[in-house]
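Fit chain B to the given chain A structure using the hints.
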Amino acid sequence: MGYVGSRMRRLEDPRLLAGVGHFADDEQRPGQLWMRVVRSPVAHAVLGTVDVGDALKLSGVRTVLTDADISVPPIPVRVSPTPSEGHSLKNWLTAPRVSQSRRASSTTCCHLLARRPRS
Amino acid sequence: VTDDHWIRITVNGTEHELAIEPRRTLADMLRHDLALTGTHVGCEHGICGACTVLVDGLPARSCLMFGVQADGRSVETVEALGTPDALGPLQQAFTDHHGLQCGFCTPGFLMLVTAFLRETPSPSDDEIREVVASNLCRCTGYQGILRAVRAAADAGAGS
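Just so you know, the sequences run in chain order A and B.
Residues 1 to 119 in the numbering used here are what the first sequence spells out, letter by letter.
Residues 1001 to 1159 in the numbering used here are what the second sequence spells out, letter by letter.
Simulated from the structure, these hints should not be mistaken for lab results.
One or more hints might be untrue.
Said to hold, decoys possible - Derived Cβ-Cβ restraints for the label pairs, each shown as a range:
1. A/G31 / B/D1056: 35 to 41 Å
2. A/D69 / B/T1120: 18 to 24 Å
3. A/D26 / B/S1124: 24 to 30 Å
4. A/I70 / B/T1083: 41 to 47 Å
5. A/A68 / B/R1150: 52 to 58 Å
All C-beta atoms, glycine included, are put in the ideal place defined by N, C-alpha and C.
Bound conformation, chain A alone (with noise of 0.2 Å):
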């Protein structure tokens, strides 16, 4: 009997099944931010502005990034199953969408919040 069709025994179940794995935050670095994306609780509401005032003064605060501030290209994405040339990728949700139609869906109307981890 060789190894093809037998079970493999994981060499990395027992540290997960320990609770000692290392996953993306459990990284804890010098001068780490930690951010936090804020959604529209609207879905397809119109964005106007965002006011990001109250959020700065709030302790720890390092900066507040709004869809104005960050350059995003233009994210196609398929809404037909049979492509044609041009017609099937629509640039939905992404940003630039944003500031040119001025809609908002609920995942494009965010601002974001680096902070410090124990603000």
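What follows is chain B alone, placed relative to chain A:
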């Protein structure tokens, strides 16, 4: 908004006195203040169950509890179940039956099932399915988890 509250909490048998911000979740308190990063935060709104710990013996979503609400209570986390070199019987069953792949959801499942088997040492397959449906696993398709819980129960892990 940052007035700390002093709380006294027993975690995995060890008593701690901690000064905790009232808005700190139990999950964050365990991870940041007690360095118990085995408890994982997935969805942060009570759906996925990755953060499940036992509070006074009952499974709880630690992302939906504030740390200050655990004042005076006893909490058990995955770190209490065993070590990599000495896995507990439920942990051993999970690796024997491929009840995990990436391992992110696994601590939550282990705590959920730990409480379940204490309460129901000889469960039916249907009871196992219903309980395991409380938590989300995106890797295994659940079949390995069901076999692992079955095997752990049959081996007397809950008694």
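Cross-check of the supplied hints:
1. Against the hinted window of 35 to 41 Å, the Cβ-Cβ separation of A/G31 and B/D1056 comes to about 39 Å, which satisfies the hint.
2. For A/D69 paired with B/T1120, a C-beta distance near 53 Å fails the hint of 18 to 24 Å.
3. Distance hint check for A/D26 and B/S1124: the Cβ-Cβ separation is about 37 Å, which falls outside the suggested range of 24 to 30 Å.
4. Take A/I70 and B/T1083: their Cβ atoms lie about 44 Å apart, and the range 41 to 47 Å holds.
5. A/A68 and B/R1150 have their C-beta atoms about 55 Å apart, which keeps the hinted 52 to 58 Å range intact.
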